[in-house]
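Trainee: As a plain string of letters, each chain reads:
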Amino acid sequence: MSSDDAILAVNGLGKKFGDFAAVHDVSFTMRAGAIFGFLGPNGAGKTTTIKMLAGLLKPDSGTITIGGHTMAAAPLTCKGMTGYIPDRPYLYDKLTGHEFLQFMASLYELPAEKFARSQRFLELFDLTPWQHHLVESYSHGMRQKLIMTSAFMLDAPLLVVDEPMVGLDPKSARLVKELFKEQAGRGRAIFLSTHSLEIAEELCDTIAIIVNGRLRCLGTLEELRRQASRSDSDLEEIFLELTGTYELQEVIRALRREEP
Amino acid sequence: MKGALLLPFRLGTRNRFFPGGSLPLRSIGLLLVGLLICLALYLISVRTIGYFHAQNELGIILSLKLLQMAWLMLFAMLIFSCMVSAVSALYLSQDNEIVFAAPVAPTDLYFMRYVTTTVYTSWMMMAFSIPVFGAYGRVFAAGPWFWPLLLFCAVAIPLSATGIGMLLTVALVNLFPARRTKDIVVYLSLCFGIFIYLIFRMLQP
Ligand SMILES: Nc1ncnc2c1ncn2[C@@H]1O[C@H](COP(=O)(O)OP(=O)(O)OP(=O)(O)O)[C@@H](O)[C@H]1O
Ligand SMILES: [Mg+2]
Numbered sequence: 001m002s003s004d005d006a007i008l009a010v011n012g013l014g015k016k017f018g019d020f021a022a023v024h025d026v027s028f029t030m031r032a033g034a035i036f037g038f039l040g041p042n043g044a045g046k047t048t049t050i051k052m053l054a055g056l057l058k059p060d061s062g063t064i065t066i067g068g069h070t071m072a073a074a075p076l077t078c079k080g081m082t083g084y085i086p087d088r089p090y091l092y093d094k095l096t097g098h099e100f101l102q103f104m105a106s107l108y109e110l111p112a113e114k115f116a117r118s119q120r121f122l123e124l125f126d127l128t129p130w131q132h133h134l135v136e137s138y139s140h141g142m143r144q145k146l147i148m149t150s151a152f153m154l155d156a157p158l159l160v161v162d163e164p165m166v167g168l169d170p171k172s173a174r175l176v177k178e179l180f181k182e183q184a185g186r187g188r189a190i191f192l193s194t195h196s197l198e199i200a201e202e203l204c205d206t207i208a209i210i211v212n213g214r215l216r217c218l219g220t221l222e223e224l225r226r227q228a229s230r231s232d233s234d235l236e237e238i239f240l241e242l243t244g245t246y247e248l249q250e251v252i253r254a255l256r257r258e259e260p
Numbered sequence: 261m262k263g264a265l266l267l268p269f270r271l272g273t274r275n276r277f278f279p280g281g282s283l284p285l286r287s288i289g290l291l292l293v294g295l296l297i298c299l300a301l302y303l304i305s306v307r308t309i310g311y312f313h314a315q316n317e318l319g320i321i322l323s324l325k326l327l328q329m330a331w332l333m334l335f336a337m338l339i340f341s342c343m344v345s346a347v348s349a350l351y352l353s354q355d356n357e358i359v360f361a362a363p364v365a366p367t368d369l370y371f372m373r374y375v376t377t378t379v380y381t382s383w384m385m386m387a388f389s390i391p392v393f394g395a396y397g398r399v400f401a402a403g404p405w406f407w408p409l410l411l412f413c414a415v416a417i418p419l420s421a422t423g424i425g426m427l428l429t430v431a432l433v434n435l436f437p438a439r440r441t442k443d444i445v446v447y448l449s450l451c452f453g454i455f456i457y458l459i460f461r462m463l464q465p
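Residue numbers (this note's numbering), protein chains in the order written: chain U, 1 to 260; chain S, 261 to 465.
Result set (EDC-like, lysine to aspartate or glutamate): computed pairs, CA atoms no more than 20 angstroms apart in a straight line:
1) U:94 <-> S:357
2) U:58 <-> S:357
3) U:94 <-> U:136
From the structure, some residues in chain U lie toward chain S, with a derived Cβ separation under 7 angstroms:
4) 54
5) 56
6) 76
7) 79
8) 80
9) 84
10) 90
11) 92
12) 94
13) 95
14) 99
15) 106
16) 107
Per label pair, the in silico range of CB-to-CB distance:
17) U:69 <-> S:332: 43 to 53 angstroms
18) S:431 <-> U:68: 32 to 42 angstroms
19) U:136 <-> S:387: 19 to 29 angstroms
20) S:295 <-> U:90: 28 to 38 angstroms
21) U:128 <-> S:448: 40 to 50 angstroms
22) S:434 <-> U:226: 47 to 57 angstroms
23) S:434 <-> U:227: 39 to 49 angstroms
24) U:227 <-> S:435: 47 to 57 angstroms
25) S:431 <-> U:90: 26 to 36 angstroms
26) S:282 <-> U:139: 17 to 27 angstroms
27) S:311 <-> U:139: 58 to 68 angstroms
28) U:90 <-> S:406: 37 to 47 angstroms
29) U:12 <-> S:356: 21 to 31 angstroms
30) U:205 <-> S:276: 38 to 48 angstroms
No wet-lab data here; the hints were simulated from the structure.
Ideal Cβ placement from N, Cα and C applies to all residues, glycine included.
Just chain U, same shape as in the assembly (with noise of 0.2 angstroms):
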């Protein structure tokens, strides 16, 4: 892959927060139109690393570039192509969920034709009847639709997700699935972190592990299999193997004999 058609290059990226290293040495490239699935185990650096890619963070070391501008030279150029969605997204509670898209759409000078495709994504996740309605009378996963809605109606080159499904029911955790093909479909890259190692199997079409905040593995699912020298299994097991969790079995298999 060279570097040219890359959406998303990372260099070298570290992060300190005192002595101890959260990100250290990450680098990866993602392509437009790719879907790239973030996994490790709790504090392994995956929020860390995000939030340096949306911005929010300066990393210590390393480079950021989003479609061909660094991130440490042209932040707004940078920030203004990249939707991100946080894993716990403050929302305005005396907003209607329609004022606030208003908002997003007009921080990122979202032309008109483009802010009216919303409604779509509010038609498809059941909230155009509770769109005039106050925020703070949404449900967790209502405001987790809206935020998805004001995200996918940017429709920007790379979205940047925190962990999307955390709260979402069946039909809408399907459903942000699909959009996630589809949006790809449409050339945008999507990088996202997740727990669910089946959505990583399902949707991305490279992963990378992430342990104690240096990449353990990163390559497509094949490539993945290989390096965990398990030919057949899934994506579980190859998690817990190159995560050096895979003890956990034993563990989990002698509190099974415990019970009574």
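Got chain U; can you put chain S with the ligands on it based on the hints?
Mentor: The following block gives chain S with the ligands in isolation, referenced to the frame of chain U:
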């Protein structure tokens, strides 16, 4: 761009007091209570200042000194309350995440925090101090320019107080990083100490 950033503030305030474009009983009640308090403050002030004014020269001087002190107190209190709320507005706002991820220039962000902090910290103090200063105008039979100038000051004072307060906050936070809440608490008590000191200094006319 600047207008866009203020959208949640504008619409949020509107939705709070006029939900769905209507004027509910709650908002009317709030407005009435506010007006009543203003009126009461005005009447009490007119009586008190009128009493001083009716005494000999000393009374007049005393009431004028009181006026000076009132403005100084107001200004100092505005700076202090702005510094307290500026820490949370600038560094701990929950909407920082989505606003920072958007292509927004830092100057626009500062401007938005500046305007909202000014309104949040000063609207109540200004609303309740205007009747007091109005009473001075009435008792001293101020000329026609007093009233527009009073309104002008009621806007200019909070704006400059917030400007100074936020500048101090940013400088202090850069000196002592407000990374942990503990630091912020320490910082707040520091603020309060400075505030008390300033008050004592200024109360000696
Ligand atoms: N602001 C911070 N200050 C200090 N340490 C932090 C900070 N943010 C994150 N960390 C540390 O960095 C490490 C990585 O955290 P991060 O949130 O990136 O994990 P994660 O991979 O997203 O985990 P999870 O799967 O639980 O969401 C953790 O050990 C965490 O304690
Ligand atoms: Mg996380």
